[in-house]
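All chains should be built: construct the whole structure from the sequences, respecting the hints.
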Amino acid sequence: NAGVTQTPKFRVLKTGQSMTLLCAQDMNHEYMYWYRQDPGMGLRLIHYSVGEGTTAKGEVPDGYNVSRLKKQNFLLGLESAAPSQTSVYFCASSYPGRLGNTEAFFGQGTRLTVV
Amino acid sequence: GQQLNQSPQSMFIQEGEDVSMNCTSSSIFNTWLWYKQDPGEGPVLLIALYKAGELTSNGRLTAQFGITRKDSFLNISASIPSDVGIYFCAGLSAGGTSYGKLTFGQGTILTVHP
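From first to last, the protein sequence lines stand for chains Y and E. Here our numbering is used: the first residue of the first sequence is 1, the next is one more, and so on. Here our numbering is used: the first residue of the second sequence is 1, the next is one more, and so on.
It should be emphasised that the hints constitute simulated quantities derived from the structure, not laboratory data. Any given hint could be a false lead.
[As the list claims (entries may be wrong)] Per the computed footprint, the stretches of chain Y lying under chain E, defined by three or more beta-carbons under 8 Å from a beta-carbon of chain E, are:
| hint | stretch |
| --- | --- |
| 1 | 35 to 41 |
| 2 | 56 to 68 |
| 3 | 87 to 94 |
| 4 | 104 to 115 |
Bear in mind the structure is a predicted one, so any value in this text is a computation, not a measurement. The C-beta atom is built at its ideal place from N, Cα and C for all residues, glycine as well.
Listed below in structure tokens is the structure:
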């Protein structure tokens, strides 16, 4: 099983450029998440989705947009990249089990540098 | 900002020692998860807790879901060098406008000296 796949794995952007990170999962999970990880900051939630066609803001949503047009895909967009968005981005997916229980599975990460 | 406070931020221990770390929250969660992250990898699930008061083990790891649903701890017994990594707690929001939101702690960096 592929699980959660993120593309690309590495990217360097110039300030002001735009890009889209793709997250794909093959586990038929309802929930999907985008996090960024910076040294000493842990994993901070950017946006998340509890189902196809739905999205919600996390803790640090500014400068990012997301879309969940298909259940298996969750896209994270940067409209105008800034150096402060240099980070490692992780996607995760999970299922709402019995009584709302869940276990989230992560992709391998995308290392983004904005110069 | 983040709702979860994880401590300690880092630990330096000798092989064979026991380790304890915990997370506290201002919000109620209906699921607590504990993850480990190795360098260059995504976090991997260690233990999942679904009920207040629940105590769950996975080999040398033991975790508990606090009775108030606002805290959890993870213990590692008889640490070994491969336990090195970053450990994260995560809480799944119980309902309301944050339904399905999964929030992480800041992480505990564990170093084990042989």
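Verdict on chain E covering the stretch 104 to 115 of chain Y, where coverage means 3 or more residues with a C-beta closer than 8 Å: This one holds; 6 residues, not fewer than the three required, reach chain E with a Cβ under 8 Å.
Coverage of the stretch 56 to 68 of chain Y by chain E (three or more Cβ within 8 Å): holds (count 3)
Outcome, coverage hint (the stretch 35 to 41 of chain Y, chain E; C-beta under 8 Å; three residues): holds (count 3)
Chain E covers the stretch 87 to 94 of chain Y, three or more CB atoms within 8 Å, holds or violated: Held - the stretch 87 to 94 of chain Y has 3 residues with a Cβ nearer than 8 Å to chain E, which meets the minimum of three.
In terms of the numbered hints stated before, the structure departs from none.
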